[in-house]
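Protein chains in written order, with my numbering: chain D, 1121 to 1459; chain S, 1121 to 1459; chain F, 1121 to 1459; chain Z, 1121 to 1459.
Think of the hints as simulated: they come from the structure by calculation, not from any bench.
One should not assume that every hint holds.
Intra- or inter-copy, both count: the list cannot distinguish identical chains.
Said to hold, decoys possible - Capping the alpha-carbon separation at 20 Å, the derived lysine to any residue pairs in SDA-like fashion look like this:
1) K1443 with S1284
2) K1443 with R1338
3) K1365 with F1395
4) K1443 with P1153
5) K1365 with G1418
6) K1365 with E1394
7) K1443 with Q1181
8) K1365 with P1275
Protein chains: 4
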Amino acid sequence: MTAIALMGAGRMARVHAAAIAAAGARVATIYDPVAQAAEALAETTGARIAASAAEAMADPQVEAIMIATSSDTHIELLDHAVSLGKPVLCEKPLAATFAESRDFVARVGEAAARRVFLGFNRRFDRGHASVREGVHAGRIGRLEQLTITSRDPAPPPLEYIPRSGGLFRDMMIHDFDMARSILSSDIVSVTAHGSSIVDPDIGRLGDIDTASVTMLTRDGTIINILNSRRCAFGFDQRIEAFGEKGMLMSDNPRQSGFRAFTAETPGTDAPILEFFMERYGPSYTAEIRLFLECARDGRDMPVNAIDGLMAAYLAEAAAASLKRGATVHLTGPDQDFAE
Amino acid sequence: MTAIALMGAGRMARVHAAAIAAAGARVATIYDPVAQAAEALAETTGARIAASAAEAMADPQVEAIMIATSSDTHIELLDHAVSLGKPVLCEKPLAATFAESRDFVARVGEAAARRVFLGFNRRFDRGHASVREGVHAGRIGRLEQLTITSRDPAPPPLEYIPRSGGLFRDMMIHDFDMARSILSSDIVSVTAHGSSIVDPDIGRLGDIDTASVTMLTRDGTIINILNSRRCAFGFDQRIEAFGEKGMLMSDNPRQSGFRAFTAETPGTDAPILEFFMERYGPSYTAEIRLFLECARDGRDMPVNAIDGLMAAYLAEAAAASLKRGATVHLTGPDQDFAE
Amino acid sequence: MTAIALMGAGRMARVHAAAIAAAGARVATIYDPVAQAAEALAETTGARIAASAAEAMADPQVEAIMIATSSDTHIELLDHAVSLGKPVLCEKPLAATFAESRDFVARVGEAAARRVFLGFNRRFDRGHASVREGVHAGRIGRLEQLTITSRDPAPPPLEYIPRSGGLFRDMMIHDFDMARSILSSDIVSVTAHGSSIVDPDIGRLGDIDTASVTMLTRDGTIINILNSRRCAFGFDQRIEAFGEKGMLMSDNPRQSGFRAFTAETPGTDAPILEFFMERYGPSYTAEIRLFLECARDGRDMPVNAIDGLMAAYLAEAAAASLKRGATVHLTGPDQDFAE
Amino acid sequence: MTAIALMGAGRMARVHAAAIAAAGARVATIYDPVAQAAEALAETTGARIAASAAEAMADPQVEAIMIATSSDTHIELLDHAVSLGKPVLCEKPLAATFAESRDFVARVGEAAARRVFLGFNRRFDRGHASVREGVHAGRIGRLEQLTITSRDPAPPPLEYIPRSGGLFRDMMIHDFDMARSILSSDIVSVTAHGSSIVDPDIGRLGDIDTASVTMLTRDGTIINILNSRRCAFGFDQRIEAFGEKGMLMSDNPRQSGFRAFTAETPGTDAPILEFFMERYGPSYTAEIRLFLECARDGRDMPVNAIDGLMAAYLAEAAAASLKRGATVHLTGPDQDFAE
């Protein structure tokens, strides 16, 4: 049983703790500045509470590190974990800001950055993974159009909006990573459109709640991403990959195979899976299994800090495009969007 | 353009007249004792009104005959058509009673009976035909279970019940024929169950409105037929053929590809196709095309008076099984059900 | 039976002739410069062949006019039909060029233009119409995102590309009209992306074969249109209208309710409806019925020359956007795209 | 955390142990005559290994008992558990034979039998439960037809057949219980048909592998159950409940929302959920939660030893019907099938 140091004891840390157990590993040490949270999680996992993050990571038993703290602490913890040379998995995003992400990768170097597992856990959704694998296996030949739809059931609390970084950095970042994971050619341009029509208060806070981004790859594939902060029928998460030999789709899975046929609704499905733990919960176990496997083999992580940086870079470009009302042509993560 | 003599000018005759036009043939002569009906149909088809059925059929132009009159006149008209040696298509049922059907086949002989096209037009439904063709092509290997569900949107008027012959002879006869068309082994037993729960008045008239029949073939295939005289969500017409390599299904087609996703109905399809003209309407054209093709080539008809007799025989056996509360073992259409 | 003068006897004219019969009207006169085509159609419809278009339209029996000739002759025939004051239905597009469309509307005036029925027949597709009617009836509340996917089974012959006007004017024009018919707010911007990846020869001829257009309405609705000249699994024609209360979808209808379940394909549907006559064929009858009804009542046509002009205007804007690599802000159909 | 004594440490015991943890309870004591199995399970659960079943149950910490041993030991363990007055959950079947089940209920009395939870865990499948709840809530009005399809992916090893009790007692027993849980009227007759067509060796051993049973309730509802020992496309587990106001269906859930559209398979779903742990695994947690809740409240168990007896009774009747080739009319679980 691999022994893991878990940074954080909040909601995401609890999700990871459960996934660690399901994946057949164990939490050996925990650190969280909120003592109560740390104690609660220590009790259900049997982990030891460490006096500091450094101490938790340094424990000689600890073979791997997981960071599930608030975004603004990721980089400091990552720096330390990398310096210890122990395998590390960090919850997304890589850092609170794009600049920090960029600096981190520059500082540790590309090779080390590829050894940091970044928790874009939607990649491990069974339907999404089938699309990606099918595209990579050539089932639809050349990929021509990729359409990703992501809609949350309801907007976050208004007070969260100002510190969210905006829809592109907070929500669409998952879709930027998903697009990159399916594509096999570089993205060369980003064009963003947005509206604040779900809740005008979101607009008053300077953000949008409805968005569409179009991207082009070097070899001509067209990507469309649609986002909304609200969806009346649940957590709408779909992908369509269209190419020369057909289309692969990841549709919303249903809560069950129940269907009702009445005069008014002559064939109604069961509701789609609810918000992210019901839809993506099983992905966390798959994610941790893969992390431990790569750690054991000393391989590069299949989703890593470079991916975190590149998704953040696309979010930055989308924000710039929306602001300018123009297409942004990409030159690389060093690109300066201040203008 | 093949010239056709059309017997009858009522509802089914009008259906056939439209299908004849769509199939690229023409109605040359019409006979119906109700002058007004004959005149109305003559006007839209350009056909000549004949003074008698015999005269309509005898017209030297006439190359084929279609019988779409009331059931009790079928046999007399068929006898005459057969005597003329012209190809003939007769609406189902072959005759008003099983005895008459049996006598007709005995009188004209098997060879001539195979030249009489019998209008079991559900065979030409695109989905049902795909199941039959798939089974015959071996897509599911050996056929092990065959389940046919047929439900009408609403019961017929009560006054129709006494002269309908009962559910097995009036409604399930389509399913008996469908089963026979898919099977490749003889049916050896029939067990019927029935209830009068849709409308107790149907029960008071001595009939049932809800039924289930189980049949076995010589080689062990189990067939289940489910019928109901009422279905709240429309005209429910489905087939499932299950075998060693999988299952072929003919599900209810929808009026369109429309779907609605709301909080209450998180994925509702368009209604299924409505009563028989919407569901089976296109089948009439396919049926007539096949009839004319076989007539031209002088081939046996792929659905003929023998099929009409055999479906009626199964209906007779089901009625006997229900009455006796016991399985009826089949010995052949000469079997005596009086007991 | 309304008597109709049919301009043209080619493929689309034959489609309309069949639809006229199915709608219970009749073709009284036909004109086509190709005598053989006119004769063939006269034979199956019983229409009289006129010596000129003007003579065909002028026939005192003729109550309505249908124009199904090549695009470059539409305007001349329309001018004449309008001058006669008889109701007229013109196949799409309104004219061969946007300038001609604009001049026509300017010349006859808005009121007369609204009396010219323009044959955007996809509006009459049952699934698409259900989406439009549902949105207008408020089933999803405020419309927030509208996504239209249109993919042809295969590209047209290469020699057609140079005279097609390009993908936006030839193919996406249907989707521009569809979007306008569903929206209830004006479109204010158009951003186009395109690639030539289906067939590089299309690119060499200066056209694209894969496209994505994003449009915004005045009140913030975001529209995405996806087109491809090739689709391996058939004629992919779908709409998703997403709003505050849910989503209405028009999915591809299937050829039947057939489904196959095998070890390799554990649930495969029947193919989708084939190219446009199978998918949109029934729409022509609905279209003609509505045309005749509006003609009889002297009402404005629900889809008319103004709609034809506006769809052409959006196509023009999309072409300009693609050329410029920038969003085009709309000012009205007088907008000058030469730059 | 409720402390549980777990009888058995084999495959089903491990399933239950995982479900106990997921339900927030804990295994306190374990007994299994195979020491190695007991030790393995003790290690992962932290439970104490008891020297005997009686000792495991008697532990003062133990608040509830779960029996997951081989069928032939159920009754002895149940008798002991009932004598202790502790809540008990017993894996299905209630006993190895119908006679033993009958004797057990007679011995402990109906009231005590209703306190024994019997693990018909398919009742807790999300889709099946939605059908049952919908029927009981009156969503389809009066229930008229109930159709249950259960097909295993592959037959059990041949050596299992002779000691399985036969298809009705081993496999269809789940469906008999499912039918009873949905119905609200007594079953009055059972008619069985069966074939040995999947594997003739099963027939040579005196059993069947393909079956259809028709049952009638006192108020006229018709139930059809279809079973097969083999299904090429997986674990086919479906229910259709049809009534005056419509139909509720539990279709096979899919492994994900993945769909593939190619020229050959123009719309193929992801595979259905695999054999029983993937399909019914989550039901075990729901089952244990409900058991603990009822235990805590001192309520009758919603699925109990009476249900176990009645399902066994229907299996007995089906076996008798098949043997006699005749409908069996039910008189109550005292009925003598020896003939």
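Legend entry - Hint numbers contradicted by this structure: 4, 5 and 7
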